[in-house]
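> Okay, here's what each chain looks like letter by letter:
There are 2 protein chains.
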Amino acid sequence: MSLGLDSEFAAELEGKVGVVNDVLAGILADARWIGPEVRESIRYALEGPGKRVRAAIVLWCCEVVGGRANRDAEIAAAAIEMVHTYSLIHDDLPAMDDDDMRRGRATCHKRFGEATAILVGDALVTLAFELLAKEVEPAAVAVRLIAELAEAAGPAGMVAGQMVDLKAANGDVSEEQLEHIHINKTVKMFRCAAVMGGVCGGGEEEQLERLGRYGLKIGLGFQIADDILDVCGTSEQLGKTSGKDAKQGKATYPAVVGMAKSKELAQRRAEEAVAALEPFGERGDVLRRLATALLNRTR
Amino acid sequence: MSLGLDSEFAAELEGKVGVVNDVLAGILADARWIGPEVRESIRYALEGPGKRVRAAIVLWCCEVVGGRANRDAEIAAAAIEMVHTYSLIHDDLPAMDDDDMRRGRATCHKRFGEATAILVGDALVTLAFELLAKEVEPAAVAVRLIAELAEAAGPAGMVAGQMVDLKAANGDVSEEQLEHIHINKTVKMFRCAAVMGGVCGGGEEEQLERLGRYGLKIGLGFQIADDILDVCGTSEQLGKTSGKDAKQGKATYPAVVGMAKSKELAQRRAEEAVAALEPFGERGDVLRRLATALLNRTR
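Protein chains in written order, with the working numbering: chain P, 1 to 299; chain X, 1 to 299.
Excised from the complex, chain P in its bound form (with noise of 0.2 Å):
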């Protein structure tokens, strides 16, 4: 699981991942009104081996302003999980990136077919919902919750992201074009689960509103690692097909303001979302270590 870091931030992010897997874990295994074949392929794409980055960060801010993670911030990390994991199914099927491998094993799709793909997807996003309607106590903070969630994901958001995407690909696209893409795609999900820690935290709306800034730069580095990380990484490191965005001629950093200045940029993001802890003190400083890690990491 390492994704090539100092050993003392690995040893912090490994307890996160292990903390979403059991909550991932245990919300299938309750879930007995869900049929054994729809679980199945569930199961089979929530245990894929993802990094867990977004439901840590979750898990992180929850921590940041109100002391140590609750309930409600591991069923929003839970959520935020499955979300992302829908958008990797529906983005991998053949009609979308048509992709054979992610996380490391067989695609959703190769490994059920299509159709299996395209409902687990669905029953995902719609139980990411569910549960923190269910699950989550006030109602006001599930629906601030639901309303984040729903917010970045949605149209104005990751879908939004998604569909410039497929329509850039193989074209002109501007650094500044470019960015825009990222953000919906990558970064408003990244600034969701870092607001949506906050909440369950209960932090103050000027937190939340650093939180929010902090999860929009981490973002934004994260996915123009991303980008470096498809030119030079392997398949075997990335756990899925490596050096497929330029295959696919999609806008990437590397490929739109070249190598140097894509490293140079995610430093500068890095760096102003360390910038955005400021008032965290010595308790943001697991979330300033992400910052670095995001940056070296490996995969």
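Simulated from the structure, these hints should not be mistaken for lab results. Fair warning: this is a prediction, and the values are worked out from it, not measured in the lab. There's no promise every hint is true.
Given that identical chains are not distinguished, each listed pair holds provided it fits within a single copy or across any two copies.
Claimed, not checked - Simulated pairs of lysine-lysine, BS3-like, Cα-Cα distance not exceeding 30 Å:
{"no.": "1", "residue 1": "Lys134", "residue 2": "Lys263"}
{"no.": "2", "residue 1": "Lys110", "residue 2": "Lys250"}
{"no.": "3", "residue 1": "Lys110", "residue 2": "Lys167"}
{"no.": "4", "residue 1": "Lys110", "residue 2": "Lys263"}
{"no.": "5", "residue 1": "Lys167", "residue 2": "Lys263"}
{"no.": "6", "residue 1": "Lys51", "residue 2": "Lys263"}
Take the given structure of chain P and dock chain X to it, following the hints.
Relative to chain P, chain X alone:
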């Protein structure tokens, strides 16, 4: 827009269809945060001349317990229509039922391509939850509506029904198994529409239970009538390819129990739906007429 109904009831339904269409159009007009490209494909999907039966049930059930439909009920009606529309878009995909025609027009993937159709479906289901979270007050009502809708649409509801339906194609299916498929694929959304309406109208739990029972029974009757229409209707009447179920070897009531028993069962379910309305007295009249009307519809 006529379903082949008696003219008085047809006018009442027409009124509700008008309300739902106006609410949907208003949501899209206000939703400037959704980019123009995404909005155009969402609008195409939502503007198809759907029967809006589920949405009308939300509005009527709100009136039955609360006197008149309110803004919450309008939002709930729009949300359920969005979720229903998303399910049709994904259901029509080549990897699923592979249909070219829906609501009398080209299906979403025929018009915009498969990738966009997948994403428009994803956008609609997410937008439905975003609307409920942002537009319904108080939070406790919003959470209840979201929980009901997600449960009906998700992995223990509509998605499960679609998944089993895929596997049941061309197979031997008992009457009991067929009812199980229909309950998940169609009926839970009807039940959900009735309960959501009741919740928006401030109904007591006992009233919601009655409305849920009505929704369940009317949903069963509706789906049997749908199966009968697939055999007897023309594509022009249906706005979708007729005889499709039989051609694909899908499990349908006429195929499993024969036409005569199908008609008898549909009639019985309508009577059971009407019986559930007993405590509502005259206020339940329009829901009673709906039960009869759905049996006699020609599309």
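> Please go over all the hints and tell whether each is borne out by the structure.
Okay, the hints, checked on the actual structure:
In this assembly of identical chains, Lys134 and Lys263 lie within 30 Å of each other by CA distance neither inside one copy nor across copies; the values are 43 Å within and 39 Å between. In the homo-oligomer, the alpha carbons of Lys110 and Lys250 lie at most 30 Å apart both inside one protomer (23 Å) and across protomers (24 Å), since each shortest distance falls under that limit. With identical chains, the CA atoms of Lys110 and Lys167 are at most 30 Å apart both within one copy (25 Å) and between copies (17 Å). In this assembly of identical chains, Lys110 and Lys263 lie within 30 Å of each other by CA distance neither inside one copy nor across copies; the values are 34 Å within and 42 Å between.
In this homomeric assembly, Lys167 and Lys263 come within 30 Å of each other (Cα to Cα) only inside a single copy, at 26 Å, whereas the closest approach across copies is 49 Å. Taking identical chains as interchangeable, the C-alpha atoms of Lys51 and Lys263 lie at most 30 Å apart only when both belong to the same chain, with a minimum of 21 Å there against 54 Å between chains.
Violated hints, listed in ascending order, are 1 and 4; each of the other numbered hints is respected by the structure.
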